[in-house]
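K.L.:
Each protein sequence line maps, in turn, to chains A and B. According to my numbering, the first sequence is numbered sequentially starting from 1. According to my numbering, the second sequence is numbered sequentially starting from 1001.
Keep in mind that the hints were calculated from the coordinates and are not lab data. Hints may be right or wrong, so weigh each one.
Think about it this way: if two alpha-carbon atoms lie no more than 20 Å apart in a straight line, the pair counts; the simulated SDA-like pairs of lysine to any residue are [what the hints assert, rightly or not]:
no. : chain 1 : residue 1 : chain 2 : residue 2
1   : B       : Lys1024   : A       : Glu191
2   : A       : Lys303    : A       : Asp287
3   : A       : Lys171    : B       : Ala1022
4   : A       : Lys89     : A       : Glu73
5   : B       : Lys1045   : B       : Glu1066
6   : A       : Lys89     : A       : His71
7   : A       : Lys303    : A       : Ile288
8   : A       : Lys171    : B       : Lys1024
9   : B       : Lys1024   : B       : Glu1118
10  : B       : Lys1045   : B       : Thr1120
11  : B       : Lys1024   : A       : Thr183
12  : B       : Lys1024   : A       : Glu184
13  : B       : Lys1024   : A       : Gly168
14  : B       : Lys1040   : B       : Met1001
15  : B       : Lys1024   : A       : Ala186
16  : B       : Lys1024   : A       : Ala164
17  : B       : Lys1045   : B       : Met1001
18  : A       : Lys89     : A       : Arg32
19  : B       : Lys1024   : A       : Met182
20  : A       : Lys303    : A       : Ser379
21  : B       : Lys1024   : A       : Asp176
22  : B       : Lys1024   : A       : Thr178
23  : A       : Lys171    : B       : Arg1023
24  : B       : Lys1024   : A       : Leu167
25  : B       : Lys1024   : A       : Leu185
26  : A       : Lys303    : A       : Cys378
27  : A       : Lys89     : A       : Met130
28  : A       : Lys171    : B       : Gly1114
29  : B       : Lys1024   : B       : Ala1115
30  : B       : Lys1024   : A       : Asp181
31  : B       : Lys1024   : A       : Glu172
32  : A       : Lys277    : A       : Ala233
33  : A       : Lys204    : A       : Asn266
34  : A       : Lys171    : B       : Gln1012
35  : B       : Lys1040   : B       : Asp1073
36  : A       : Lys89     : A       : Trp103
In silico contact screen, one side only, chain B against chain A (beta carbon under 8 Å); selected entries [said to hold, decoys possible]:
no. : residue
37  : Asp1010
38  : Val1013
39  : Arg1019
40  : Val1054
What you are looking at is a predicted structure, and each value in this text was computed from that prediction instead of being measured. C-beta atoms are modelled at their ideal positions from N, C-alpha and C, and glycine is treated no differently.
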Amino acid sequence: MGEAVLEQEQMELNDMATLALVCRSALLGSWRLQRTSGTITLSQEYCRLLRIPSSAELMLPHDVFCSKYIHPEDNWFVRDYQISPPGRKYSFRAICADGVERWLESFPVQTDNVNREMLSGVVQDITERMAHEDNLRNARKMESIRSIAGGIAHEFNNILYSMAGYLGLVKEMLTDVTTLDMTELADCVGEMEISNQRAVRLIKKIQAFSHSGRHGIAIVDLDRAIDMAVKTAPVYENINVRTALPSEGAVRVYVNEAILVEGLCNIIDNGIAAMEKSGGTLDIRTDIVFAEDNRPAACGTVKTGYYGRVLIRDEGCGMDRNTISRIFEPFYTTKQAGDGTGLGLAIVYGMVNAAGGAVEVESQPGKGTIFKLLLPYCSNQVQGESVQ
Amino acid sequence: MTRILVIDDDVQVCTMLERFFARKGYEVDVAYDGFQGITKFHPEKTNLVITDLVMPEKEGIETVMELRSRHPDVKIIAISGGGRVGPESYLEIARELGAQRTFEKPVDFDELLGAVEELTA
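Model the full assembly from the supplied sequences, consistent with the hints where possible.
P.N.:
Following this line, the structure appears as structure tokens:
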């Protein structure tokens, strides 16, 4: 009997040693919060994470713990979350006993359901993970900057290259006026003018993409904007552009109108270009929808709320997942030479971000594409269907 | 007459080079991507290829490789304004793959003309 107890005790000791080892390797600790007394008990492993010398658990007033070991900027929400019901994990900066700052993530995991007196949780040191994520974010940011800078340089180089070529030709023609062909001279000057216009258009597009502030955002009639965009669309015999728009003024959204029209033109042009060979119908309709849950979209995030929505559906060649993931990248284009700078959807991206909207994209190779442009609806007194 | 094939995805650049070299007495064919370039290349008639490197559809590097493998004696000038990386990276690869001369955009036209004259002499 005595041997059995000893064996049991030994097993428990082994289990505790294993648990301690797991905690140490995974940089885990635990805590218990006594609501009435306002005290928090830190496990020995949590003490180790905070570099507090302790050979056992450490109990201290919750206020003292927060002011001494939590970063002042994170103090308010840690205080708040630590006494809230469990279920929500949160990360914060801890100030260790040696003064070093570490990132911790806390999971409140268990509460005393009878009188809700006790709240417990597990905490993990995530400093290294945060550093890796930071590095990754920076690397991605640098990659996009490189890509955008490269794209701008490429476009301007072509413009300058062409301009310099014509300038050289004009200069050469003017050296001998006796052989001067006025038509040829006018052609060259005309081409230089085109180069200049290209540069101006490029700058405007870049400005539209970089437009991230609220400047120029006003209440806009979505249907009127679509009307304006459709009027500028290229006309093809084999392509039918069909619009189904509610009565004028029914769908009003908050957005920069000029950039919205430019963005819509770009999506419509892309849809038409995708059907140029095969022909088909480009369907455009608007409605008011209510998004119930936050969810990520191809561009931006759909947050809970009402939206004025534009659906643009083409029956063209469609896109694979890789293409969809890149279409909003500045200077990314799948079009033929001379047909696009790759800034059209980047403008849509800038516009949607500035307005607080989102774009959802559905497409498959050979099965056409649907763009769903969601822009914040401007009235609170509306009834709309839920976004599917 | 010496015949040059210009490959560039920028229509305005193609028109400009066509006009520039025509004025200097060359015959010029134009292609807007690598595929067209390969099709428009005449082994008997084309004396020189001037190609851009960053293009949609068929990249210039691929075009240089294909032209070089099909026609080992072809004379190639590669020009680049860069893309996601600087032009020098593309031009170095083009040189290694057999472009006789390389230029960064915007090009010095006297130097370009000098290179064309030298390679077609």
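K.L.:
Does each hint hold? Answer for all of them.
P.N.:
Consistency of the hints with the structure:
The hinted pair formed by Lys1024(B) and Glu191(A) meets the criterion: a straight-line CA distance of about 19 Å does not exceed 20 Å. Of the pairs offered as hints, the one joining Lys303(A) and Asp287(A) holds, with about 17 Å between alpha carbons and a cut-off of 20 Å not exceeded. Taking the CA atoms of Lys171(A) and Ala1022(B), the gap is about 16 Å. The hint holds against a cut of 20 Å. Between Lys89(A) and Glu73(A), the direct Cα distance comes to roughly 18 Å. Compliance with the 20 Å bound is thereby established for this hinted pair.
Distance hint between Lys1045(B) and Glu1066(B) is fulfilled; the C-alpha atoms sit about 18 Å from each other, no more than 20 Å. Of the supplied pair hints, the one linking Lys89(A) and His71(A) holds, its CA atoms being roughly 17 Å apart against a limit of 20 Å. Restraint check: the Cα-Cα separation between Lys303(A) and Ile288(A) comes to about 15 Å, which is no more than 20 Å; the hinted pair holds. Taken as a hint, the Lys171(A) and Lys1024(B) pair is honoured in the structure, with Cα atoms around 14 Å apart against an allowance of 20 Å.
Of the pairs offered as hints, the one joining Lys1024(B) and Glu1118(B) holds, with about 14 Å between alpha carbons and a cut-off of 20 Å not exceeded. Between the alpha carbons of Lys1045(B) and Thr1120(B) the distance comes to roughly 12 Å, so the proposed pair stays at or under 20 Å and holds. Between Lys1024(B) and Thr183(A) the CA atoms are separated by roughly 18 Å; this keeps the pair inside 20 Å, and the hint holds. Restraint check: the Cα-Cα separation between Lys1024(B) and Glu184(A) comes to about 14 Å, which is no more than 20 Å; the hinted pair holds.
Of the pairs offered as hints, the one joining Lys1024(B) and Gly168(A) holds, with about 12 Å between alpha carbons and a cut-off of 20 Å not exceeded. Proposed proximity of Lys1040(B) and Met1001(B) is supported: the alpha carbons are some 17 Å apart, at most 20 Å. Of the supplied pair hints, the one linking Lys1024(B) and Ala186(A) holds, its CA atoms being roughly 19 Å apart against a limit of 20 Å. This hinted pair checks out: Lys1024(B) and Ala164(A) have alpha carbons roughly 16 Å apart, not beyond 20 Å.
Distance restraint check for Lys1045(B) and Met1001(B): the Cα-Cα separation of roughly 9 Å lies within the 20 Å cut-off, and the hinted pair is therefore satisfied. Of the pairs offered as hints, the one joining Lys89(A) and Arg32(A) holds, with about 15 Å between alpha carbons and a cut-off of 20 Å not exceeded. A C-alpha spacing of about 18 Å is found between Lys1024(B) and Met182(A), which places the hinted pair at or below 20 Å, so the restraint holds. For the hint linking Lys303(A) to Ser379(A), the alpha-carbon distance of about 16 Å falls within 20 Å, and the restraint holds.
With a CA separation close to 15 Å, the supplied pair Lys1024(B) and Asp176(A) stays within the 20 Å bound. In summary, the hint linking Lys1024(B) to Thr178(A) is supported, as the alpha carbons are separated by about 18 Å, within the 20 Å threshold. For the suggested pair Lys171(A) and Arg1023(B), the alpha carbons sit about 13 Å apart, so the restraint of at most 20 Å is met. Between Lys1024(B) and Leu167(A) the CA atoms are separated by roughly 15 Å; this keeps the pair inside 20 Å, and the hint holds.
Using a Cα cut-off of 20 Å, the hinted pair Lys1024(B) and Leu185(A) holds, with the two alpha carbons roughly 16 Å apart. Between Lys303(A) and Cys378(A) the alpha-carbon distance is near 15 Å, which keeps this suggested pair within the 20 Å criterion. At most 20 Å may separate the alpha-carbon atoms for a hinted pair to count; Lys89(A) and Met130(A) meet this at roughly 15 Å. Distance check on the hinted pair: Lys171(A) and Gly1114(B) sit about 18 Å apart at the alpha-carbon level, within 20 Å; holds.
Proximity of Lys1024(B) to Ala1115(B) is assessed by CA-CA distance (about 13 Å); at most 20 Å being required, the pair is judged to hold. Restraint check: the Cα-Cα separation between Lys1024(B) and Asp181(A) comes to about 15 Å, which is no more than 20 Å; the hinted pair holds. Proximity of Lys1024(B) to Glu172(A) is assessed by CA-CA distance (about 11 Å); at most 20 Å being required, the pair is judged to hold. For the proposed pair Lys277(A) and Ala233(A), the alpha carbon gap of about 16 Å is at most 20 Å, so the pair holds.
For the given pair, Lys204(A) sits about 14 Å from Asn266(A) by alpha-carbon distance, which is consistent with the 20 Å threshold. Our distance criterion of 20 Å between C-alpha atoms is met by Lys171(A) and Gln1012(B), whose separation comes to about 19 Å. This hinted pair checks out: Lys1040(B) and Asp1073(B) have alpha carbons roughly 17 Å apart, not beyond 20 Å. This hinted pair checks out: Lys89(A) and Trp103(A) have alpha carbons roughly 13 Å apart, not beyond 20 Å.
Because the closest C-beta pair between Asp1010(B) and chain A is about 4 Å apart, less than 8 Å, the hint holds. A least Cβ separation of about 5 Å between Val1013(B) and chain A falls short of the 8 Å threshold, and the interface hint therefore holds. Taken as an interface hint, Arg1019(B) checks out: its beta carbon lies about 7 Å from the nearest beta carbon of chain A, inside 8 Å. Taking 8 Å as the C-beta contact cut-off toward chain A, the hint placing Val1054(B) at the interface holds, the least distance being around 6 Å.
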